[in-house]
Structures are given as C-alpha cells and as structure tokens.
Amino acid sequence: MKVLVPVKRVVDANVKVRVKADGTGVDLSNVKMAMNPFCEIAVEEAVRLKEAGTASEVVVVSIGPQAAQETLRTALAMGADRGILVKTDATVEPLAVAKILKAVVAAEGPQIVLLGKQAIDDDANQTGQMLAALLGWSQGTFAFKLVKEGDTLTVTREIDGGLQTVKLKLPAVITTDLRINTPRYASLPNIMKAKKKPIDEKTPADYGVDVAPRLAVLKVSEPAKRKGGVKVDSVAALVDKLKNEAGVI
Amino acid sequence: MRALVIAEHTNSALKDATAKAVSAAQKLGGEVDVLIAGEAARPAAEEAAKLSGVAKVLLAEAPSLARQLAEPMAALVVSLAGPYDALVAPATTNGKNVMPRVAALLDVMQISDVVSVDGPDTFTRPIYAGNAMMQVRSGDAKKVLTVRTASFQAAGAGGSAAIESVPAAADPGLSEFVSEQLAKSDRPELTSAKIVISGGRAMASKENFAIIEKVADKLGAAVGASRAAVDAGYAPNDWQVGQTGKVVAPELYIAVGISGAIQHLAGMKDSKVIVAINKDEEAPIFQIADYGLVADLFQAVPELEQELAKLGK
Numbered sequence: 070m071k072v073l074v075p076v077k078r079v080v081d082a083n084v085k086v087r088v089k090a091d092g093t094g095v096d097l098s099n100v101k102m103a104m105n106p107f108c109e110i111a112v113e114e115a116v117r118l119k120e121a122g123t124a125s126e127v128v129v130v131s132i133g134p135q136a137a138q139e140t141l142r143t144a145l146a147m148g149a150d151r152g153i154l155v156k157t158d159a160t161v162e163p164l165a166v167a168k169i170l171k172a173v174v175a176a177e178g179p180q181i182v183l184l185g186k187q188a189i190d191d192d193a194n195q196t197g198q199m200l201a202a203l204l205g206w207s208q209g210t211f212a213f214k215l216v217k218e219g220d221t222l223t224v225t226r227e228i229d230g231g232l233q234t235v236k237l238k239l240p241a242v243i244t245t246d247l248r249i250n251t252p253r254y255a256s257l258p259n260i261m262k263a264k265k266k267p268i269d270e271k272t273p274a275d276y277g278v279d280v281a282p283r284l285a286v287l288k289v290s291e292p293a294k295r296k297g298g299v300k301v302d303s304v305a306a307l308v309d310k311l312k313n314e315a316g317v318i
Numbered sequence: 024m025r026a027l028v029i030a031e032h033t034n035s036a037l038k039d040a041t042a043k044a045v046s047a048a049q050k051l052g053g054e055v056d057v058l059i060a061g062e063a064a065r066p067a068a069e070e071a072a073k074l075s076g077v078a079k080v081l082l083a084e085a086p087s088l089a090r091q092l093a094e095p096m097a098a099l100v101v102s103l104a105g106p107y108d109a110l111v112a113p114a115t116t117n118g119k120n121v122m123p124r125v126a127a128l129l130d131v132m133q134i135s136d137v138v139s140v141d142g143p144d145t146f147t148r149p150i151y152a153g154n155a156m157m158q159v160r161s162g163d164a165k166k167v168l169t170v171r172t173a174s175f176q177a178a179g180a181g182g183s184a185a186i187e188s189v190p191a192a193a194d195p196g197l198s199e200f201v202s203e204q205l206a207k208s209d210r211p212e213l214t215s216a217k218i219v220i221s222g223g224r225a226m227a228s229k230e231n232f233a234i235i236e237k238v239a240d241k242l243g244a245a246v247g248a249s250r251a252a253v254d255a256g257y258a259p260n261d262w263q264v265g266q267t268g269k270v271v272a273p274e275l276y277i278a279v280g281i282s283g284a285i286q287h288l289a290g291m292k293d294s295k296v297i298v299a300i301n302k303d304e305e306a307p308i309f310q311i312a313d314y315g316l317v318a319d320l321f322q323a324v325p326e327l328e329q330e331l332a333k334l335g336k
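First to last, the protein sequences are chains R and F. Residues are numbered in the numbering used here as their position in the first sequence, beginning at 1, plus a constant of 69. Residues are numbered in the numbering used here as their position in the second sequence, beginning at 1, plus a constant of 23.
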C-alpha cells in the first residue's frame with residue numbers, strides 16, 4: 070500500500086512575522102523557513118506505517134518554489150522513499166493545491182493521503198478536506214490515532230469536547246492533529262542517504278491545473294496591538310482591580 | 024443575497040456557535056436561513072427558529088446525519104446550495120471538517136475563520152497565528168465561509184421562523200460513526216465562557232490543575248490550557264487554547280504559568296481583560312496582560328481562591 074504525503078514549506082514556527090509597510094503581505098525575505106509542523110507529523114505517521122509493514126512506499130509531494138526541494142529532502146531524511154516537486158513561484162490557494170494533488174493521486178495510486186491539518190502560514194485548514202471531496206474519498210480530519218484493518222481505517226479524531234472515532238472506507242484522506250505522534254529528528258546518515266533519493270520535478274501545467282487565485286488580497290495589516298497594563302503586588306490587589314477597576318468579577 | 028447557516032447542535036439543543044454564525048451571516052446583508060441536519064433534531068430546529076433575524080429553518084433528518092460526519096453532511100449542503108449566495112458555518116471542529124468539502128464540491132475557494140464581514144464579498148481573516156490580518160475579496164459566485172465565533176455577538180432571541188423539512192441527500196457510504204469520548208463537565212464551554220482560566224507547563228502535573236479548577240468553579244469559568252500543558256498530558260486535548268486549538272475572547276482571561284508563546288496568544292489575545300500569573304517577570308505574557316502578578320502560582324492560585332471566597336464567590 071502506497072501512502073502519499075503532501076508537505077508545505079512555510080515560515081519557521083518560531084519566527085514572528087512582520088507585515089510589509091505597503092500592506093501587500095508579510096515580509097518573507099531573509100526569514101528562516103521550515104517544513105510546516107503539521108506536515109512533519111504527517112510524514113512521521115506515514116513512515117511509522119511503513120515501519121509497521123502497513124505501508125510499502127511513502128511518496129512525498131510539495132507544491133512551491135525550487136527551495137521547496139529542501140522540504141522534500143527533510144521528509145526523505147525522515148524516511149520517505151521519494152519526492153515530487155510541483156514547481157511554481159505563484160501563491161497557490163488550497164483549492165488549487167487540492168486539484169494538483171488529485172492529479173498526483175491519479176498518477177501514483179496511493180490508498181492513503183496523509184496531510185497536516187493546517188499550514189501555519191495561511192492557517193486555512195482546507196486542503197485535506199478539499200482533496201477528499203474532489204476524489205470522492207472518505208476523510209478523517211484532526212487525527213489522533215489511526216488503525217488499519219483490511220480495507221477500512223479506524224480514525225480517532227480530536228473534536229470540540231473530546232474525541233470521536235469513525236471507521237472509513239479506504240482509500241481515504243487523513244489530516245493529522247498535534248498529538249498523533251512526535252516527529253523524529255533525521256539522523257546524519259539518513260540525511261546523507263536522502264540526498265540520493267529521487268525527486269521528480271513537475272509543474273502545475275503538467276497536471277493541467279489552473280492555479281489562478283480565486284481570492285484577491287486587498288490588504289494585509291497588523292492586528293490591533295494590545296498594550297501591557299500594570300503589575301500588581303499581591304493577589305488581594307489583583308482581586309480588587311478585577312472587581313473595582315475592570316468590573317469583570 | 025441569501026445565506027444558509029449550517030448549524031452546530033446536539034440534535035436535542037442548539038449550540039451558541041450557531042447564534043454567532045447567524046449574526047455573521049446577517050452582516051452579508053440579506054436573508055438568513057439555518058440548516059439543522061441531524062437525527063431527531065426537531066428540538067434544535069425549534070431553538071434555531073427563535074433566533075432573531077432567521078427567515079427559515081431547514082430540517083434534514085436521517086440516521087446518517089446523526090453525528091454530522093463530513094461525507095453525508097457535505098452531500099446534503101451541496102444539494103441545498105442552489106438558491107444561496109453564501110454558506111456559513113462556525114469555525115468549530117465540525118465546521119472546519121465539513122465546509123472545505125462543501126467548497127471543493129462547489130469549486131469555491133473557502134474563506135476560513137472570518138473575523139469581520141466587510142461587504143457581501145469582502146472579508147478579513149487572521150493569518151500567521153493572528154500576527155497579520157488579511158482582507159480578501161472573493162471572486163467566486165458562491166461564498167463558503169467559516170466564521171470565528173469569538174468575533175461575533177450571538178444573534179438574540181425573538182424570532183419565529185417557519186421550520187421546513189428537507190430530504191437528506193443519499194449517504195455516500197464512505198464513513199461510519201463508531202464512538203465518542205466527550206468530557207462531561209458542568210462548567211461552561213471554553214469558547215462561550217465569560218471567564219476562562221488556563222494553565223501552562225508550569226502547572227507541572229495533571230493533579231495540580233485541581234487548584235485552577237477550584238478557582239474556575241468559584242468564578243463560573245471554563246478551564247483552558249496551553250499546548251505545552253496538553254502535550255505534557257496535564258490537560259485534555261480539547262482544553263487547548265491557541266493557533267491550532269480553540270480561540271477564545273472572554274470578558275476575563277487568567278493565564279496561570281503560561282509564558283505566552285505567539286501560538287498561545289493567537290488563541291486569547293482578543294479577551295477583554297487579561298490577567299497573567301507567572302513567576303518569570305520576563306515572560307512575554309506580561310506584555311499583553313492588563314494585570315500581571317509575578318508570583319509562584321502554587322501560592323498565588325490557592326490565595327486567589329480564598330480571596331474570591333471572601334467576596335462570597
């Protein structure tokens with residue numbers, strides 16, 4: 070069984086981004102980039118499926134600029150077998166990403182597509198669900214635990230208020246939440262080995278997908294700033310402020 | 024302009040998130056209908072009919088809709104989408120699960136986590152964990168939106184909409200509900216509580232959260248947690264406040280032993296009053312707190328409980 074894992078190159082999770090003065094976006098020049106943390110979790114889960122003998126091959130795909138190749142190399146160093154780079158310098162919205170991935174699925178024939186539940190740049194949380202829709206597949210979003218039995222996949226999902234378990238018909242699209250695993254650090258020998266693993270290069274046009282955006286970005290601005298307030302020196306003073314100054318208790 | 028709000032409910036009752044999504048949908052400037060999809064869900068439909076400004080409630084009932092799984096839900100919403108210009112759901116785990124599936128089936132680019140409706144086709148949403156706000160205009164014929172409930176007032180009572188039964192779409196038969204483990208609590212829901220008290224990694228154990236829970240019960244507050252506390256196993260998953268957890272905007276947010284990573288701030292910085300209790304006076308949380316107390320939480324939190332008791336709480 071083949072598993073396909075789409076991965077995204079994003080701003081490193083520890084970087085606090087700045088909005089450009091002209092309001093056209095955020096400043097990404099000279100900013101540290103990394104694999105989206107949720108994608109790392111998806112790669113880890115796929116590699117574990119392979120290590121458990123459930124999956125036979127893990128293919129990773131990234132849609133982005135040439136530099137997204139580094140993100141694919143990271144995934145290959147974690148244990149994925151080969152990569153596909155769908156090269157574009159355009160900003161590709163989740164709907165167009167899902168259309169490209171649908172075409173990649175048609176070419177590769179995976180039984181499971183494993184993705185992160187959201188990317189920490191656009192915070193859209195859409196791609197997996199959209200891909201499942203376009204393929205007509207079942208979807209297990211915000212996955213906390215996966216168990217494959219025959220041609221079904223039992224998925225425990227993180228939902229408001231607790232956990233929900235569903236049984237999905239394969240093939241399926243799964244999006245990973247934070248607690249399904251802790252991604253490994255690639256070892257140096259595996260990083261070296263990853264350099265020799267194959268990466269195919271494609272373009273959105275190869276898959277016949279129009280990536281023209283549907284949303285026009287009118288303005289990107291700083292959020293309303295919050296000012297720090299005062300320090301109080303005791304719990305009694307705090308309670309007094311909350312009651313008599315803020316009036317919230 | 025006509026909008027359909029996909030309701031969040033438990034079949035027997037409507038959730039507060041629905042009333043907030045209705046108020047966001049009203050800002051589009053047209054008629055607002057509400058869809059209740061479930062099983063034996065008439066009580067929820069009757070509550071929705073009483074929301075102010077709702078024109079009509081559509082009630083779809085079928086066993087396959089009982090748990091609102093994404094596959095049958097999306098099929099239903101798409102079957103009803105024809106006359107509507109906008110499909111709106113609260114950005115709950117349900118809304119986030121179902122709506123992108125709907126959007127893709129309609130070939131629409133969804134707009135997630137809308138915090139402001141600036142016009143019938145123009146919306147503002149946070150990106151980069153709320154460190155930037157992006158205003159977008161949708162060129163799609165239909166708009167598919169999820170709305171951040173913390174950013175909209177709940178629609179009031181006083182409506183008397185008609186309830187119209189609609190057929191459930193055929194179940195695609197791809198998924199099946201197995202079980203649910205829901206936390207049982209008498210406390211208010213995190214996303215609609217007026218007061219939230221959250222603990223961070225400094226709580227140091229699951230048992231220690233009891234001191235926070237005691238304060239919560241005195242204040243009628245919900246309990247939250249930072250990702251670090253959840254990852255460490257001190258608090259359950261659904262308590263997580265932050266970029267990838269819940270977004271809250273209560274009247275009062277008390278952060279206990281939370282340093283204030285940007286991912287946590289993304290989930291609570293729109294609270295009206297923020298209190299930080301932390302022994303590290305350099306903790307970034309103090310930069311956004313209205314009231315900061317530099318103290319050991321294991322002394323300060325029990326003392327807070329006693330002070331509240333003195334107030335008769």
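Worth flagging that the hints you see were computed from the coordinates, not collected in a lab. This one's a predicted model, so the numbers in the text were calculated from it and none came from an experiment. Glycine is no exception: its CB is placed at the ideal position from the N, C-alpha and C atoms. Any given hint might turn out to be false.
As the list claims (entries may be wrong) - Okay, derived cross-link-like pairs now, DMTMM-like style, lysine to aspartate or glutamate, Cα gap no bigger than 20 Å in a straight line: (1) R:LYS85 / F:ASP144; (2) R:LYS119 / R:ASP220; (3) F:LYS292 / R:ASP191; (4) R:LYS264 / R:ASP150; (5) R:LYS217 / R:GLU120; (6) R:LYS171 / R:ASP96; (7) R:LYS236 / F:GLU203; (8) R:LYS214 / F:ASP144; (9) F:LYS217 / F:ASP39; (10) F:LYS333 / R:GLU120; (11) R:LYS312 / F:GLU203; (12) R:LYS156 / R:ASP302; (13) F:LYS217 / R:ASP150; (14) F:LYS333 / R:ASP302; (15) R:LYS312 / F:ASP303; (16) F:LYS302 / F:GLU326; (17) R:LYS236 / F:GLU328; (18) R:LYS85 / R:ASP229; (19) F:LYS207 / R:ASP229; (20) F:LYS241 / F:ASP141; (21) R:LYS236 / F:ASP194; (22) R:LYS296 / F:GLU274; (23) R:LYS214 / F:GLU203; (24) F:LYS292 / F:GLU274; (25) R:LYS264 / R:ASP96; (26) R:LYS288 / R:ASP192; (27) R:LYS238 / R:ASP269; (28) R:LYS312 / F:GLU305; (29) R:LYS262 / R:ASP275; (30) R:LYS300 / F:GLU326; (31) F:LYS292 / R:ASP192; (32) R:LYS217 / F:GLU203; (33) R:LYS300 / R:GLU314; (34) F:LYS241 / R:ASP309; (35) F:LYS165 / F:GLU199; (36) F:LYS336 / R:ASP96; (37) R:LYS265 / R:ASP158.
Unchecked claim - Partial selection, computed: residues in chain F whose CB lies under 8 Å from chain R: (38) ASN34; (39) SER139; (40) GLU187.
Now for the hints, and whether the structure bears them out:
1. R:LYS85 / F:ASP144: Violated, at about 30 Å.
2. R:LYS119 / R:ASP220: At roughly 16 Å apart (the allowed maximum being 20 Å), R:ASP220 and R:LYS119 satisfy the hint.
3. F:LYS292 / R:ASP191: With a Cα-Cα distance of about 19 Å, the restraint between F:LYS292 and R:ASP191 holds, given a limit of 20 Å.
4. R:LYS264 / R:ASP150: holds, 11 Å
5. R:LYS217 / R:GLU120: holds, 14 Å
6. R:LYS171 / R:ASP96: violated, 31 Å
7. R:LYS236 / F:GLU203: holds, 12 Å
8. R:LYS214 / F:ASP144: violated, 38 Å
9. F:LYS217 / F:ASP39: Holds: F:LYS217 and F:ASP39 sit about 13 Å apart, inside 20 Å.
10. F:LYS333 / R:GLU120: violated, 59 Å
11. R:LYS312 / F:GLU203: Not OK: R:LYS312 and F:GLU203 at ~40 Å, beyond 20 Å, violated.
12. R:LYS156 / R:ASP302: Given that 20 Å is the threshold and the Cα spacing comes to 57 Å, the pair is violated.
13. F:LYS217 / R:ASP150: Violated. F:LYS217 to R:ASP150 sits at ~50 Å, over the 20 Å cutoff.
14. F:LYS333 / R:ASP302: holds, 19 Å
15. R:LYS312 / F:ASP303: violated, 25 Å
16. F:LYS302 / F:GLU326: holds, 15 Å
17. R:LYS236 / F:GLU328: The given pair, whose Cα atoms are some 45 Å apart, is violated under the 20 Å limit.
18. R:LYS85 / R:ASP229: Outside the cut-off at roughly 28 Å; violated.
19. F:LYS207 / R:ASP229: holds, 12 Å
20. F:LYS241 / F:ASP141: Distance of about 39 Å is beyond 20 Å: violated.
21. R:LYS236 / F:ASP194: Status holds; Cα separation ~15 Å.
22. R:LYS296 / F:GLU274: Given pair R:LYS296, F:GLU274 holds - Cα atoms ~16 Å apart, limit 20 Å.
23. R:LYS214 / F:GLU203: holds, 13 Å
24. F:LYS292 / F:GLU274: OK: F:LYS292 and F:GLU274 at ~11 Å, within 20 Å.
25. R:LYS264 / R:ASP96: violated, 30 Å
26. R:LYS288 / R:ASP192: holds, 17 Å
27. R:LYS238 / R:ASP269: violated, 30 Å
28. R:LYS312 / F:GLU305: violated, 26 Å
29. R:LYS262 / R:ASP275: violated, 29 Å
30. R:LYS300 / F:GLU326: Satisfied, since the Cα-Cα distance of roughly 17 Å is no more than 20 Å.
31. F:LYS292 / R:ASP192: holds, 17 Å
32. R:LYS217 / F:GLU203: Holds, because 19 Å separates the two Cα atoms, which is no more than 20 Å.
33. R:LYS300 / R:GLU314: Given pair R:LYS300, R:GLU314 holds - Cα atoms ~14 Å apart, limit 20 Å.
34. F:LYS241 / R:ASP309: This hinted pair holds, its Cα atoms lying about 16 Å apart.
35. F:LYS165 / F:GLU199: violated, 30 Å
36. F:LYS336 / R:ASP96: Judged against 20 Å, a Cα distance of about 49 Å means the pair is violated.
37. R:LYS265 / R:ASP158: Judged against 20 Å, a Cα distance of about 25 Å means the pair is violated.
38. ASN34: With a closest approach of 14 Å, the F:ASN34 hint is violated.
39. SER139: violated, 11 Å
40. GLU187: Status violated, d = 27 Å.
Checked against the numbered hints given earlier, this structure breaks hints 1, 6, 8, 10, 11, 12, 13, 15, 17, 18, 20, 25, 27, 28, 29, 35, 36, 37, 38, 39 and 40; the rest are met.
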